Amino acid sequence: MWMRDVADILRTAYPERKWPKGVLPYTICLIAAIFHPKISLKWARESLRRYCTYDATPAKQELSMVFRPIKESIIDSIPPIIDNNWA
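Just so you know, the sequence shown maps onto residues 3 to 89 in this note's numbering.
Worth flagging that the hints you see were computed from the coordinates, not collected in a lab. A few of these clues could be false.
Derived pair list, reagent style SDA-like, types lysine to any residue, alpha-carbon separation capped at 25 Å [stated by the list, open to error]: (1) K20 <-> L43; (2) K73 <-> V8; (3) K73 <-> R13; (4) K73 <-> T29; (5) K62 <-> S75; (6) K73 <-> I11; (7) K20 <-> K62.
What you are looking at is a predicted structure, and each value in this text was computed from that prediction instead of being measured.
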């Protein structure tokens, strides 16, 4: 799931708040990484444009785990963030 997809879910669930609508171009992200105190250019080059996938099949089969829907997890994560003034 891309960050744009997360923003779309949050925009629907919390329309009164502002959520990103677009994606910064890769070059702008690299330039921002140069000036950001906690992000290195090396990290940005290695991490941006990368699609990560995780397979939870072993956890489901071997541990009989049942996962919540991703949309529900994203929406439920917002109230504590708002309550603690983290965003």
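Status of the hints after comparison with the structure:
1. With a CA separation close to 28 Å, the supplied pair K20 and L43 exceeds the 25 Å bound.
2. A distance of roughly 8 Å separates the Cα atoms of K73 and V8; the hinted pair therefore holds under the 25 Å criterion.
3. Taking the CA atoms of K73 and R13, the gap is near 12 Å; set against the 25 Å cutoff, the hint holds.
4. At roughly 30 Å between alpha-carbon atoms, K73 and T29 are farther apart than 25 Å, so this suggested pair is violated.
5. For the hint linking K62 to S75, the alpha-carbon distance of about 18 Å falls within 25 Å, and the restraint holds.
6. In summary, the hint linking K73 to I11 is supported, as the alpha carbons are separated by about 7 Å, within the 25 Å threshold.
7. A threshold of 25 Å between alpha carbons decides the hint, and for K20 with K62 the separation of about 36 Å lies outside it, so the pair is violated.
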